[in-house]
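Here are the chains, one letter per residue:
Number of protein chains: 2
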Amino acid sequence: MGDDVAAVPRGKGKLILKVDMLVEHTDVPPGMTYRLAARKSVAMCVSDFAAKGVRPDSFMVSLGLKRGATQAQVYELSSGFRDAVREWGVHMVGGDTNEASELVIDCAMAGFAEGLVSRRGARAGDILVTSGAFGYPPAGLKILGGKAKAAAGFAAKARTSVLKPTPNLRVGLALAPFLTSAMDSSDGLSRSVHTLARESGVGFEVRNLPVGIGVPEFARANNLDVEKLVLDGGEEYLIVGTVRKSRIAEARAAALRAGGTLMDIGVATPDRDIVVLRRGKGVTPIEDSGWTHLRRG
Amino acid sequence: MGDDVAAVPRGKGKLILKVDMLVEHTDVPPGMTYRLAARKSVAMCVSDFAAKGVRPDSFMVSLGLKRGATQAQVYELSSGFRDAVREWGVHMVGGDTNEASELVIDCAMAGFAEGLVSRRGARAGDILVTSGAFGYPPAGLKILGGKAKAAAGFAAKARTSVLKPTPNLRVGLALAPFLTSAMDSSDGLSRSVHTLARESGVGFEVRNLPVGIGVPEFARANNLDVEKLVLDGGEEYLIVGTVRKSRIAEARAAALRAGGTLMDIGVATPDRDIVVLRRGKGVTPIEDSGWTHLRRG
Chain A
1 MGDDVAAVPR GKGKLILKVD MLVEHTDVPP GMTYRLAARK SVAMCVSDFA
51 AKGVRPDSFM VSLGLKRGAT QAQVYELSSG FRDAVREWGV HMVGGDTNEA
101 SELVIDCAMA GFAEGLVSRR GARAGDILVT SGAFGYPPAG LKILGGKAKA
151 AAGFAAKART SVLKPTPNLR VGLALAPFLT SAMDSSDGLS RSVHTLARES
201 GVGFEVRNLP VGIGVPEFAR ANNLDVEKLV LDGGEEYLIV GTVRKSRIAE
251 ARAAALRAGG TLMDIGVATP DRDIVVLRRG KGVTPIEDSG WTHLRRG
Chain B
1001 MGDDVAAVPR GKGKLILKVD MLVEHTDVPP GMTYRLAARK SVAMCVSDFA
1051 AKGVRPDSFM VSLGLKRGAT QAQVYELSSG FRDAVREWGV HMVGGDTNEA
1101 SELVIDCAMA GFAEGLVSRR GARAGDILVT SGAFGYPPAG LKILGGKAKA
1151 AAGFAAKART SVLKPTPNLR VGLALAPFLT SAMDSSDGLS RSVHTLARES
1201 GVGFEVRNLP VGIGVPEFAR ANNLDVEKLV LDGGEEYLIV GTVRKSRIAE
1251 ARAAALRAGG TLMDIGVATP DRDIVVLRRG KGVTPIEDSG WTHLRRG
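In the order they appear, the protein sequences are chains A and B. Following this note's numbering, the numbering of the first sequence begins with 1 at its first residue and continues without gaps. Following this note's numbering, the numbering of the second sequence begins with 1001 at its first residue and continues without gaps.
A hint or two may mislead.
To be verified - Below, simulated DSS-like cross-link-like pairs (lysine-lysine); rule was C-alpha separation at most 30 angstroms, straight line:
1) K14/A to K1014/B
2) K149/A to K245/A
3) K1164/B to K66/A
4) K1147/B to K66/A
5) K1245/B to K66/A
6) K1066/B to K228/A
7) K1281/B to K1142/B
8) K1066/B to K164/A
9) K157/A to K147/A
10) K12/A to K1014/B
11) K1281/B to K1245/B
12) K1164/B to K1245/B
For the record, the hints were derived by calculation from the structure and aren't laboratory data.
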């Protein structure tokens, strides 16, 4: 445990395994069809492989279908898995079908690697980077739930970020040689940064929040906190990681060549487990308030 | 698809993958604790590896826990996974935890093999074999549900067969070199025999039903059909397969050395897809009425 994926030694390399379960009432927002849900269940695994710099080879799915599920719904799910196969070049090699009281899709993904980017390699002085900007999915969730309004262009982008999460596998594979630590951001930016800090034994000073275009205007119009949207949203499926200062230009060029981007958002510090946001001359702590599935009473 | 496990080519060998989902309301009978449910979820995968003659290496689990799940329940689940680790010598390498509306445990298992026993190799004249006797789990389910009565000794054995299903991995590995086709019997004996017939392009004549000790008395006392209990029960986690006639003595010796047994229950015939039960001079068809999760309206 303790990392996004499991690595099983095999000969000179490693078998990389990941399971991720999508559950209807927590992971399927209003407006997400069965086809999109099936695609998302695979995207959730691809995102972890991308952050670890490992090309996924194959996946299997276990389905829990509601009693009375129709052939049309099963067909929709198949279409979503086919979308994922095409989009990320992975093979669907099997599955299991069951009856459950809500839609459950568990994706198990496998790949092979010589090594992978861990959560534990960040050192003080490394640059904190992300593979994109944050805030669209939490905005999209509110828009889909009818709890916020937005201009048409922003609303479309925000909704799509929720309904069609698109981890960038090419960028993950291109960045891997430069990352000293990394993980995916599906549980939110603050959770990712805190996790990297804890696992690597460093702290982080965030200097430039990676705020998505239009997110500040959306926050203002709906009386929401833009920093909270960016830090604690979740479901971004981006990469959060660290790069040695000396290699940052190379890393950025590699991300660009792969069709992505690399945002420099801060720096690793020797202050173990301390994560702060710089505002001018002062700093304020960033809470580890990432999104989590399991809420206990 | 089309077999109990998936085989992904890898170098000179194959990566073998299997997912199996346990869902509370269909797979967890009265009397099954969380610890036993966790153990069973792994047993379901081990059973398929055993039938394919492949040693499992590692597994991961995705958990769906009910809101309000207690630490004690989570601890119970961990104990059950540890039981499985000890019992079958597999490594637990990771997992994922979610909130769901009922307990869901999806086990994803991986192993490596040069080859595996398929469902497609039976030829007319091969001996139809099982790695044990049938009828205990359906009896146990009725006893646990308070719908049938039995003598204490039989009741204990029947209940245990349900609560603690124990695929025999050692026997599976020992039998593999002799099996021309095989699959596990978790969906019932009739379903397994029909599946091997269909996939291999043969028929089967069952000559000796593998009736568990005490099952006929149990059936009589509860006004149940003993043949139905044996053929259509399901959840037996035994191996159903075929062996060349010339190798049956060797196969039986190998099963015995591994601590198991091998029952000769019939013969493969050239009558494609025809599965019959011989009764004296006549035969009657055996229906493919195996147990299935997904019932549609």
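The hints, checked one at a time:
Using a Cα cut-off of 30 angstroms, the hinted pair K14/A and K1014/B holds, with the two alpha carbons roughly 14 angstroms apart. Between K149/A and K245/A the alpha-carbon distance is near 40 angstroms, which puts this suggested pair outside the 30 angstroms criterion. Simply put, K1164/B and K66/A have alpha-carbon atoms about 27 angstroms apart, close enough for the 30 angstroms limit, and the pair holds. For the suggested pair K1147/B and K66/A, the alpha carbons sit about 27 angstroms apart, so the restraint of at most 30 angstroms is met.
For the suggested pair K1245/B and K66/A, the alpha carbons sit about 45 angstroms apart, so the restraint of at most 30 angstroms is broken. For a cut-off of 30 angstroms, the pair hint linking K1066/B to K228/A stands: about 28 angstroms separates their Cα positions. In summary, the hint linking K1281/B to K1142/B is not supported, as the alpha carbons are separated by about 34 angstroms, beyond the 30 angstroms threshold. Of the pairs offered as hints, the one joining K1066/B and K164/A holds, with about 27 angstroms between alpha carbons and a cut-off of 30 angstroms not exceeded.
Taking the CA atoms of K157/A and K147/A, the gap is about 16 angstroms. The hint holds against a cut of 30 angstroms. About 16 angstroms separates the Cα atoms of K12/A and K1014/B, which keeps this hinted pair within 30 angstroms; it holds. A distance of roughly 23 angstroms separates the Cα atoms of K1281/B and K1245/B; the hinted pair therefore holds under the 30 angstroms criterion. Of the supplied pair hints, the one linking K1164/B and K1245/B is violated, its CA atoms being roughly 33 angstroms apart against a limit of 30 angstroms.
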